[in-house]
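Each of the two chains sits in its own frame; use the hints to bring them together as a complex.
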Amino acid sequence: MKKISFSLNGEQRFVYITPNEILLDVLRYKMGTKSPKCGCDTGDCGACTILLNGKAVRSCLIFAVEVESQDIVTLEGISRDGLTPLQKALIEHNAFQCGYCAPGMILSATELINSNPHPGEEEIKEAISGNLCRCTGYQPVIDAIKHATKKH
Amino acid sequence: MALPYEFDYAKPASLQDVLVLLAEKGRGARILAGGTDLANELKQGFRVPDVLIDIKGLAELQKIEIRDQRLSIGALVTFSDIRLSGVIRDHAYVLYEAAGLVASPGVRNRATMVGNICSAVACMDSASPLLVHNAMVHCLSMEGERLVPVQKWFVDNRKTLIKEKELVTHVSIPLSSVKCAGAYQKMMRYTGEDLAAANVGVLLFADGRCHVAFGSVGPTPKRSAKLESHFKTKGVNKGSIEEACAMLPGIIKPISDVRASKEYRMHMTKVMLERAVIQAIDRLKVPTLIRG
Ligand code: FES
Ligand code: FES
Numbered sequence: 001m002k003k004i005s006f007s008l009n010g011e012q013r014f015v016y017i018t019p020n021e022i023l024l025d026v027l028r029y030k031m032g033t034k035s036p037k038c039g040c041d042t043g044d045c046g047a048c049t050i051l052l053n054g055k056a057v058r059s060c061l062i063f064a065v066e067v068e069s070q071d072i073v074t075l076e077g078i079s080r081d082g083l084t085p086l087q088k089a090l091i092e093h094n095a096f097q098c099g100y101c102a103p104g105m106i107l108s109a110t111e112l113i114n115s116n117p118h119p120g121e122e123e124i125k126e127a128i129s130g131n132l133c134r135c136t137g138y139q140p141v142i143d144a145i146k147h148a149t150k151k152h
Numbered sequence: 153m154a155l156p157y158e159f160d161y162a163k164p165a166s167l168q169d170v171l172v173l174l175a176e177k178g179r180g181a182r183i184l185a186g187g188t189d190l191a192n193e194l195k196q197g198f199r200v201p202d203v204l205i206d207i208k209g210l211a212e213l214q215k216i217e218i219r220d221q222r223l224s225i226g227a228l229v230t231f232s233d234i235r236l237s238g239v240i241r242d243h244a245y246v247l248y249e250a251a252g253l254v255a256s257p258g259v260r261n262r263a264t265m266v267g268n269i270c271s272a273v274a275c276m277d278s279a280s281p282l283l284v285h286n287a288m289v290h291c292l293s294m295e296g297e298r299l300v301p302v303q304k305w306f307v308d309n310r311k312t313l314i315k316e317k318e319l320v321t322h323v324s325i326p327l328s329s330v331k332c333a334g335a336y337q338k339m340m341r342y343t344g345e346d347l348a349a350a351n352v353g354v355l356l357f358a359d360g361r362c363h364v365a366f367g368s369v370g371p372t373p374k375r376s377a378k379l380e381s382h383f384k385t386k387g388v389n390k391g392s393i394e395e396a397c398a399m400l401p402g403i404i405k406p407i408s409d410v411r412a413s414k415e416y417r418m419h420m421t422k423v424m425l426e427r428a429v430i431q432a433i434d435r436l437k438v439p440t441l442i443r444g
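Sequence order for the protein chains is L and X.
Residues in the first sequence are numbered from 1 upward in steps of one, following the working numbering.
Residues in the second sequence are numbered from 153 upward in steps of one, following the working numbering.
Chain X with its partners taken away, still in its complex shape (with noise of 0.2 Å):
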């Protein structure tokens, strides 16, 4: 019963311990935090490790903090951690909101925003939001930290810009200081399934700027710049949404699979730019305190 490839087992009691482990294993290690992910992976036999190192022994990985002017978010803070969060809330909505619709409780119990994003399957859901939210990645390793902007974080399929050695240990946000809300959304079959078959990020501050980034509609998640300058110059409203729609096929590159044909992600991801834009404007307008 148990899996065919034999492997090691650590649960280091300092970062400091990771690192080293790291360092000596190299490609041999994997990082366990949630597993929801790396335990799938493992069954399918892909790249099977000399040892899990298991990260949740480091309590300061847990932490949702407010530091410098960002919102940081350690690797070990789970979906339905994000969803307890008042300041996640407060301070990163799209991501908040995103991480009510990640599969189902029983996973997002388990599952990790961090891990999430170092899988960097396709169809994630924290990627659009950190994308609009301007996030960065903070990499550890024995020769220091090293900071990547989510931007440049996704490669390809699965692949980051994470090296050999590194370890994310969170991910941080700038606080906004201008007004601005945003909204999330995400197309699946039901309610409760783990995979989007496409999704839509959007941040619109007071000022008029308008983030707007897709997911599973390529190979990597991705910000659009030439809607963002589209809405800058055209301002966001009825008209400039339905020419931004209309812009869709020059921008993103769906293509077809088990879950949805590349005509229907085409389709859908204009409702949805439609729908997450209109809520961006709805909810930019309520005074109290829903910000990014």
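Just chain L, same shape as in the assembly (with noise of 0.2 Å):
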């Protein structure tokens, strides 16, 4: 066992892992941090999407003994201070149904909004274009991002 200690969403924590444990889930079963998911375990759809030092990244392809040092958020970590207006544009569009590819898609939008706070149409979806919603048809999703970054 080895001790790797990281920031996850703004608080140092620590946690004991082997250098075989992925990190989405130490995430999940040993910090209880469950807002990732996994899905596809191969990191094609995207559910399992975390900020690694403000980059969106797939947790299930990551070692958590990689992140020792490093500055972890999660969709917990966004929402701490209330909804962002990101995510109160998702439920005015009602952009979700079953929900389960929800996190990664907001922190893959997340990200493009931090770096390009007015996306064009082409931009949004080129920042969701690696996570796999079976539900929505993605345009609520799109039409919802949109409203959240639009110029007033």
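These are calculated hints, taken from the structure and not from any lab test.
Some clues are possibly wrong.
Claimed, not checked - Using 30 Å as the maximum straight-line C-alpha spacing, the simulated DSSO-like pairs for lysine-lysine come out as follows:
1. X:195 with L:37
2. L:125 with L:151
3. L:55 with X:384
4. L:150 with L:125
5. X:384 with X:317
6. X:384 with L:37
7. L:30 with X:384
8. L:2 with X:378
9. L:2 with X:195
10. X:378 with X:414
Claimed, not checked - Derived coverage of chain L by chain X (criterion: at least 3 residues anywhere in the stretch with Cβ under 8 Å from a Cβ of chain X; other residues may be distant):
11. 10–20
12. 36–46
13. 69–76
14. 85–95
Unchecked claim - Computed Cβ-Cβ distance ranges for the label pairs, DEER-style:
15. L:30 with X:202: 17 to 27 Å
16. X:197 with L:34: 45 to 55 Å
17. L:69 with X:154: 46 to 56 Å
All C-beta atoms, glycine included, are put in the ideal place defined by N, C-alpha and C.
This is the structure we're talking about:
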């Protein structure tokens, strides 16, 4: 067992792991952070998306030992002070049904908005292109992101 | 929840330490950069190592720089880094374009180009661009540096010329003294999908040379000397492009698999070749600096 420590949603946390443990599992089962989900376990679906040092990445393809001293934000972390404008827009647009893809979608869109506050439709589609959704047909998700990012 | 095999993990603080560890562990060591391919391989129980050597602590491998008339791209440079690099856009446009089509942003943020050519899965996106740009692979071991032209690098599906105890530190691309422009075409079912069912890279030079490479239509990605000499003698124009497409069945050997049938791959490769060459012709006309 090896002790690693890193920032999780703004708090300094530590956990004991072995090098063969996948970050997604450690976040869910050792740290109790349940928003990242396992959809495919091979990097294709985006359900396990987290922000690692501000960038959207697949936690199913990262070994927990790699995140020593890094900064991780999950869905739990972005709404600590209440829902973000993006999340509110998603609710208004009824953008999700079962919600399995939602944490990943929201974090991918959050990375986009952080670097590009007023993205165009193509940029929005590009940002969520790796987040698969079985329920919505994507359009309401795209509409909601557009709504949340349009210039006033 | 852990993988059913145990292995150690090391994150050396210097290149020298990586090489020492590699020399000591040989085949028991596997290099970890972005890990997007490696994690999948290990989940499948594919070549389980004694130790993972994480190279992310080595700042020198993160560089994109021009040195001695060559563009050098370090082993830790991700596809997202490539998309943000003006230097790569100006000097290796085919690679720049391909990087934007690798899987999705969430994978590009982590996956490295060097990792892509080291995993060497036949459908990788970096190979055709590096082939048309005449790239060189820089391998380092305790014995020193060994240079392998990317034309020779790929031996078979998932097999390269890397030797045990070697680390690929970077890939370098010669800067072209002649104006050139290129294009990358990828056939996929949907944007955001990881794997190309076939791809084509083209780099056209103002002096009439035209480099052409194909990926995913044979066990290894390849340049086509036949097509290149065809374009050299016939010039690059509508007629010669059509002839080139007609020559394709003698040049590539696509197979049928879950992603596409060989007939469909053949057909689409013709379409992509035509599109890529026409794009390259158009881009070569643009006076601003879209180079290789
Ligand atoms: S569970 Fe990680 S991408 Fe699907
Ligand atoms: S809402 Fe069900 S998967 Fe997206």
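Numbers of unmet hints, in rising order: Numbers 3, 5, 6, 7, 8, 13, 14, 16 and 17 - these are the hints that the structure violates, sorted from lowest upward.
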